[in-house]
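There are 4 protein chains.
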Amino acid sequence: MRHTAVLLISCPDQRGLVAAIAEFLLQHEANILHADQHQDAELKLFLMRVEWEMAGFKLDLADFAQAFEPIASRFGMTWRLADSSRKPRMAVFVSKFDHCLADLLYRYQSGELHCELPIILSNHEDTRWLADAYHIPFQHLAVLKDGKEEAEKTQLAILRDLKVDFLVLARYMQVLSADFIRHYPNHIINIHHSFLPAFHGAKPYHRAFERGVKLIGATGHYVTETLDDGPIIEQDVARISHRDSLEDLINKGADLEKVVLSRAVKWHLDNRVLVYANKTVVFD
Amino acid sequence: MRHTAVLLISCPDQRGLVAAIAEFLLQHEANILHADQHQDAELKLFLMRVEWEMAGFKLDLADFAQAFEPIASRFGMTWRLADSSRKPRMAVFVSKFDHCLADLLYRYQSGELHCELPIILSNHEDTRWLADAYHIPFQHLAVLKDGKEEAEKTQLAILRDLKVDFLVLARYMQVLSADFIRHYPNHIINIHHSFLPAFHGAKPYHRAFERGVKLIGATGHYVTETLDDGPIIEQDVARISHRDSLEDLINKGADLEKVVLSRAVKWHLDNRVLVYANKTVVFD
Amino acid sequence: MRHTAVLLISCPDQRGLVAAIAEFLLQHEANILHADQHQDAELKLFLMRVEWEMAGFKLDLADFAQAFEPIASRFGMTWRLADSSRKPRMAVFVSKFDHCLADLLYRYQSGELHCELPIILSNHEDTRWLADAYHIPFQHLAVLKDGKEEAEKTQLAILRDLKVDFLVLARYMQVLSADFIRHYPNHIINIHHSFLPAFHGAKPYHRAFERGVKLIGATGHYVTETLDDGPIIEQDVARISHRDSLEDLINKGADLEKVVLSRAVKWHLDNRVLVYANKTVVFD
Amino acid sequence: MRHTAVLLISCPDQRGLVAAIAEFLLQHEANILHADQHQDAELKLFLMRVEWEMAGFKLDLADFAQAFEPIASRFGMTWRLADSSRKPRMAVFVSKFDHCLADLLYRYQSGELHCELPIILSNHEDTRWLADAYHIPFQHLAVLKDGKEEAEKTQLAILRDLKVDFLVLARYMQVLSADFIRHYPNHIINIHHSFLPAFHGAKPYHRAFERGVKLIGATGHYVTETLDDGPIIEQDVARISHRDSLEDLINKGADLEKVVLSRAVKWHLDNRVLVYANKTVVFD
Chain Y
-16 MRHTAVLLIS
-6 CPDQRGLVAA
4 IAEFLLQHEA
14 NILHADQHQD
24 AELKLFLMRV
34 EWEMAGFKLD
44 LADFAQAFEP
54 IASRFGMTWR
64 LADSSRKPRM
74 AVFVSKFDHC
84 LADLLYRYQS
94 GELHCELPII
104 LSNHEDTRWL
114 ADAYHIPFQH
124 LAVLKDGKEE
134 AEKTQLAILR
144 DLKVDFLVLA
154 RYMQVLSADF
164 IRHYPNHIIN
174 IHHSFLPAFH
184 GAKPYHRAFE
194 RGVKLIGATG
204 HYVTETLDDG
214 PIIEQDVARI
224 SHRDSLEDLI
234 NKGADLEKVV
244 LSRAVKWHLD
254 NRVLVYANKT
264 VVFD
Chain P
-16 MRHTAVLLIS
-6 CPDQRGLVAA
4 IAEFLLQHEA
14 NILHADQHQD
24 AELKLFLMRV
34 EWEMAGFKLD
44 LADFAQAFEP
54 IASRFGMTWR
64 LADSSRKPRM
74 AVFVSKFDHC
84 LADLLYRYQS
94 GELHCELPII
104 LSNHEDTRWL
114 ADAYHIPFQH
124 LAVLKDGKEE
134 AEKTQLAILR
144 DLKVDFLVLA
154 RYMQVLSADF
164 IRHYPNHIIN
174 IHHSFLPAFH
184 GAKPYHRAFE
194 RGVKLIGATG
204 HYVTETLDDG
214 PIIEQDVARI
224 SHRDSLEDLI
234 NKGADLEKVV
244 LSRAVKWHLD
254 NRVLVYANKT
264 VVFD
Chain V
-16 MRHTAVLLIS
-6 CPDQRGLVAA
4 IAEFLLQHEA
14 NILHADQHQD
24 AELKLFLMRV
34 EWEMAGFKLD
44 LADFAQAFEP
54 IASRFGMTWR
64 LADSSRKPRM
74 AVFVSKFDHC
84 LADLLYRYQS
94 GELHCELPII
104 LSNHEDTRWL
114 ADAYHIPFQH
124 LAVLKDGKEE
134 AEKTQLAILR
144 DLKVDFLVLA
154 RYMQVLSADF
164 IRHYPNHIIN
174 IHHSFLPAFH
184 GAKPYHRAFE
194 RGVKLIGATG
204 HYVTETLDDG
214 PIIEQDVARI
224 SHRDSLEDLI
234 NKGADLEKVV
244 LSRAVKWHLD
254 NRVLVYANKT
264 VVFD
Chain C
-16 MRHTAVLLIS
-6 CPDQRGLVAA
4 IAEFLLQHEA
14 NILHADQHQD
24 AELKLFLMRV
34 EWEMAGFKLD
44 LADFAQAFEP
54 IASRFGMTWR
64 LADSSRKPRM
74 AVFVSKFDHC
84 LADLLYRYQS
94 GELHCELPII
104 LSNHEDTRWL
114 ADAYHIPFQH
124 LAVLKDGKEE
134 AEKTQLAILR
144 DLKVDFLVLA
154 RYMQVLSADF
164 IRHYPNHIIN
174 IHHSFLPAFH
184 GAKPYHRAFE
194 RGVKLIGATG
204 HYVTETLDDG
214 PIIEQDVARI
224 SHRDSLEDLI
234 NKGADLEKVV
244 LSRAVKWHLD
254 NRVLVYANKT
264 VVFD
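Chains as they are written, first to last, in the working numbering: chain Y, -16 to 267; chain P, -16 to 267; chain V, -16 to 267; chain C, -16 to 267.
Don't read these hints as lab results, they were simulated from the structure.
Owing to the predicted nature of the structure, the values given are computational and were not obtained by experimental measurement.
Glycine is no exception: its CB is placed at the ideal position from the N, C-alpha and C atoms.
Careful: at least some of the hints might be erroneous.
[What the hints assert, rightly or not] As a list, the in silico DSSO-like pairs of lysine-lysine whose alpha-carbon atoms are at most 27 Å apart: (1) V:Lys235 with Y:Lys235; (2) P:Lys249 with C:Lys146; (3) C:Lys235 with P:Lys235; (4) C:Lys146 with C:Lys186.
[What the hints assert, rightly or not] Okay, the calculated beta carbon distance ranges per label pair: (5) V:Ser68 with Y:Leu16: 53 to 63 Å; (6) V:Ala185 with P:Ser93: 52 to 62 Å; (7) C:Gln157 with V:Ala185: 46 to 56 Å; (8) C:Glu25 with Y:His118: 28 to 38 Å; (9) V:Arg222 with Y:Leu16: 49 to 59 Å.
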């Protein structure tokens, strides 16, 4: 795997932006591998992702912020830099359903997900065997009725201790409190088992079955304080018919959930996702 | 085109049903072309579609009801018979958007839609040119504020005069009254420009754009008294991205609407659709 | 899981078939759960799948053949009966790529694949860890240059000893000999990593990349003596773009291969697949 | 519709490219609406599409070539400039099937296809009514056995007289000669009724039906001297099953052909397509 850097920028759209960025990178002899930009015409917003090879780059990343500051402040940029040699640390939250976890573990082990995985946290014991099979630390932490506040305090402590960067809710069946979420803004990825905004909330497959829809869906999104309302990263659907029972919906849906969640996690890890106006840009 | 008959049956599921129907058809020397059945395990319902060639069939269709009556009443069947030599009479309601109308007209003219088309009714003049190009009668009937009751009375009179069997709302922008709908139960097909139940009601593309969904959809359904809540016949989706403006959504959506509506109309015409429990079975 | 029986029939299409079968099942008080039939108009062939509950069925399955024989011979039927209480025994062949194997193992473990899995056979050691994680016997058997005949002899002996019913080639990179295949006609399922018949043979992703296709595919099929030419059970595709490198194609393709192969295996296990004229009917 | 300019560039990948282009556009006060670039890592090629508003642009497009020349020659660029106020002139070739023509005509009339349409050329009279309905000139030109050379000479003369820029073969059933094609390199768009490279050549639906594929496809591509081998612009597929007869394949395929061809034509008109190495980049 090549050593690269990714720069993500968002700012008000204005003349001279691209020239200034390109000039800056040229000056430090960046060998650009990918560059992609997006202009939101309505909001007059400019968003950019640029990735370059570290080999030959003449600027130490430790000095990047200082060197880039004049451009950033001139154009009013919000920006972040990612260094591919530093793997983000991911925690997975899971309950009893194990299909998403199994999929993430396989992809982690195969190297497809470029991250560390220091912990799997669950309110049940059911998936411990999977964590064991892949040699990932697993911690069971029951969430009792009226015990959520306590549980979340413990969870946050664990995440802090393990220097976790972001969370994946792999069919985790507890609703996180607004307070918890505020610790990881746009850094908690959830898979919802419907094509949002249809069937937000509980038991989406049951309601899809009752409504008689002809396609079922799954949605990977960042978690915000409003349930199932955060910025959507990825969605996909599968065709069903009257021949499909509720159980068939749940089974076909599980396959959707796996691929949608894994794409969302992968794109997050590849620094392809930028959030604005409760939406995402996914640079491809 | 072959001359065929289609029998559609629904009744409580019970032993001996298939044997009785098969025996009946055999006795009259039906040459069965297609037979398809569905059992709803939860509701304990049996639904069937069987199509046979009229050539060689030894029972006059005029006598079918009498001959079939003993079986129908023994099993408590709801049934209907369709004779392919009798083309249903379709009316199309349209407003200003013409993409669905253009698509239906082309398919009608090419013989893909096996029906008569005695009238296009519109509350605007915009699509008259299309009706003229395909030589279909077009009637403009303005629906004034507070004039819906009056307008619907006129519409119903026209439909009655022309012996119209069913209606297609090809992006007709007026909400029909419950009273109007009661004249054509499960015989009004609407295209809604979203993946229902997401974004029911007005301006679905605007709301999809705002929500930042990654797929847009279209839904063909029978119209019931509750807006956008009738039995779904067909749905489909198309992928969009942050690069798509609201206008792009509307344009990509138009292509979806066309194919979804035309499939719904075609299946209705082919007597493939059975409604139960506010859902459809679409025999394929 | 309910105890059921599945009857699969193919024979020349003729009057009275359905009535005779329905009458037979009624007589033995079968509670039919699903029945599906297909008529190939061109080949004048009739194909049927019927599944009924064993609870309440008045005929011992051991006596089925004898009882059904008069009908079978009257209509010239080819038929087979499957008893859901008897799980088929599956062997998986694999080489170095482990994504399909991981997917099959997870589905096997979760109960989605209703079978026994007595052996994983591989010409490499690479996937042993996965077999171990799921506690499935793994046997390494190198296939040396000029040693295929010898290796196949050993493989066949193992399969015979373990009473294996059917084989799944989960990205097994050796071509099986015609002689080997003849032992398992329509009982070896392969996943080919292209949308057959495009890019049959070696290195399909490389060739798809060179040709500049806009979709890549995967094909699950029964293995016949002609390479990549057997009856297709399932296919699916994924969209790619100029942004996708050859490596991206291979990664996206892996996800396709998994779902296509698992569907093919599942349908085979559910006795949904009937082969005729080098095609399949997949009853749904 | 806004007045814009599009610049398409391809050249060897090298440092300073983006900076030079951005600097040039900034200097002439271009208000950039969209910019997209692609680097082919294997071929070390840089491809770019940039679109800006003409309002406020300080360089007359008549002087663009001269002003841009120093940059173009410094980096060894192949480039072209498109002015949105100049609509390309399209000719449609058609035989008897009219579905693609009907679709193109509707999209042309609705303003979706931003072009002139001075002529429809056909070797049959069948589609004249459609041309008439949309008031487009139609010319019938029989192509006799052994008369292709003669016919092509006439066709070329007509195209020249009408200053046609590019051709669309909307299910035109004659193979164009290499000599003819050389007059319009990468300017003839064909729709092939299969998922190329599967089933290239004649009767693809028949062969797809025989092979028992589970998906059918359509391919929009530029015509080159090798039949069905030109750069692919767009492809799509639709699911079929054993229930679909050959006729069903042809009908479902027609819907695919329409959308795939219209996308290819639209992208060509929007100057989104760049050809290299017998592939396309489609900037989105």
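Point to revise | Numbers of the earlier hints that this structure fails to satisfy, in rising order | key: 2, 4, 6, 7 and 9
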